[in-house]
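Protein chains: 2
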Amino acid sequence: MLHIYTGNGKGKTTASLGLVTRFLGHQKKVCVIQFMKKNVEYGEITFFETIPNIDIIQFGTPDFVDKKQPKQIDIDEAVKGFQKAKEVILSKKYDLVILDELNVALDFELVSLEEVLPFIKEHKDELELVITGRYAPEELIEIADLVTEMKEIKHYLANGISACEGTEY
Amino acid sequence: MLHIYTGNGKGKTTASLGLVTRFLGHQKKVCVIQFMKKNVEYGEITFFETIPNIDIIQFGTPDFVDKKQPKQIDIDEAVKGFQKAKEVILSKKYDLVILDELNVALDFELVSLEEVLPFIKEHKDELELVITGRYAPEELIEIADLVTEMKEIKHYLANGISACEGTEY
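Top to bottom, those sequences are chains F and Z.
Numbering (my numbering) for the first sequence: 2 to 170.
Numbering (my numbering) for the second sequence: 2 to 170.
It is possible that part of the hints are untrue.
Same chains, same names: a pair is fine if it fits in one copy or spans any two.
[Said to hold, decoys possible] Computed cross-link-like contacts, BS3-like style, restricted to lysine-lysine with a CA-CA straight-line distance of at most 25 Å:
hint, residue 1, residue 2
1, Lys93, Lys152
2, Lys122, Lys94
3, Lys29, Lys94
4, Lys155, Lys39
5, Lys93, Lys68
6, Lys125, Lys72
7, Lys30, Lys93
8, Lys69, Lys94
9, Lys69, Lys122
10, Lys85, Lys152
11, Lys155, Lys122
12, Lys125, Lys93
13, Lys39, Lys81
14, Lys69, Lys125
The hints are simulated quantities; they were obtained by calculation from the structure and are not laboratory data.
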């Protein structure tokens with residue numbers, strides 16, 4: 002089953018993390034692969050580190066990725082990330098696999114839809130698969146079982162307040 | 002700071018639970034008060050039971066609430082729930098308080114906006130406060146710092162597939 006959380010609002014990654022707690026509560030196994038992220042100070046990373054039955058693997062660098070000119074390392078990391086995603090899904094060891102921000106990696110063309118789409122399509126019914134991030138491509142939405150758009154109605158960051166520990170990371 | 006997760010799509014409660022993991026990872030204290038729910042078999046309940054620094058309290062019955070004719074117990078439970086919410090917020094013991102499905106309890110008129118609104122307005126800046134549920138009242142949206150609408154784009158339940166363990170509860 003493929004779920005997509007997309008849109009410009011908050012709550013995409015956190016909704017997938019909430020789903021993680023549900024699955025862990027049912028004694029299921031979870032793997033989270035995060036694209037375009039490398040920051041062990043995220044609260045969720047620190048939290049889940051001590052929890053059994055979940056693996057979180059980050060691919061990316063701590064730096065901002067320039068959409069117009071991504072660095073080679075950004076591409077390499079995203080490609081490695083999807084390679085890992087394939088291994089993890091094919092291993093059949095996990096009940097829930099989250100590909101966090103894969104939509105953005107696709108939009109930035111760090112990984113190609115031509116590679117991602119057929120693989121997801123072939124394997125999505127073997128587990129619960131969640132893909133998050135803005136700009137979900139139409140072709141992925143097409144094959145998804147559930148799509149939620151997180152729509153920003155109001156956001157304090159628009160008023161110049163800076164990111165808060167716990168809330169934003 | 003008041004966050005609202007509303008809309009007809011999935012991910013409202015789970016987004017708040019994901020936020021919980023972030024706060025716990027930063028060694029902060031969390032209280033989740035769930036309205037119109039009484040079901041210890043939810044995966045998240047089982048999961049967080051064993052975790053320190055979080056209290057989850059449910060108010061409601063396991064039964065469906067009829068919006069046109071709510072039972073007295075539904076009203077009593079929701080009123081008790083908001084009473085507890087007030088205590089918890091006033092105690093200043095928690096960094097994050099989630100009032101899960103309070104929007105629905107308001108929409109069903111189990112608790113009154115006249116009671117809820119002034120209290121929230123007065124205390125929302127003393128902590129991180131999250132209110133979830135469909136049908137967030139305009140007056141709450143007005144005073145919120147952040148509002149995300151979870152919008153259903155596509156849902157398999159619309160195709161007659163029944164709720165899945167882990168995904169739905």
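Hints and how they fare:
no.: 1; hint: Lys93 <-> Lys152; in the structure: neither (33 Å within a copy, 31 Å between copies)
no.: 2; hint: Lys122 <-> Lys94; in the structure: within (19 Å within a copy, 47 Å between copies)
no.: 3; hint: Lys29 <-> Lys94; in the structure: within (10 Å within a copy, 32 Å between copies)
no.: 4; hint: Lys155 <-> Lys39; in the structure: neither (28 Å within a copy, 31 Å between copies)
no.: 5; hint: Lys93 <-> Lys68; in the structure: neither (33 Å within a copy, 43 Å between copies)
no.: 6; hint: Lys125 <-> Lys72; in the structure: neither (30 Å within a copy, 42 Å between copies)
no.: 7; hint: Lys30 <-> Lys93; in the structure: within (10 Å within a copy, 35 Å between copies)
no.: 8; hint: Lys69 <-> Lys94; in the structure: neither (37 Å within a copy, 46 Å between copies)
no.: 9; hint: Lys69 <-> Lys122; in the structure: neither (29 Å within a copy, 43 Å between copies)
no.: 10; hint: Lys85 <-> Lys152; in the structure: neither (30 Å within a copy, 31 Å between copies)
no.: 11; hint: Lys155 <-> Lys122; in the structure: between (35 Å within a copy, 16 Å between copies)
no.: 12; hint: Lys125 <-> Lys93; in the structure: within (12 Å within a copy, 45 Å between copies)
no.: 13; hint: Lys39 <-> Lys81; in the structure: within (13 Å within a copy, 43 Å between copies)
no.: 14; hint: Lys69 <-> Lys125; in the structure: neither (31 Å within a copy, 40 Å between copies)
In the structure shown, a violation is registered for the earlier hints numbered 1, 4, 5, 6, 8, 9, 10, 14, in ascending order.
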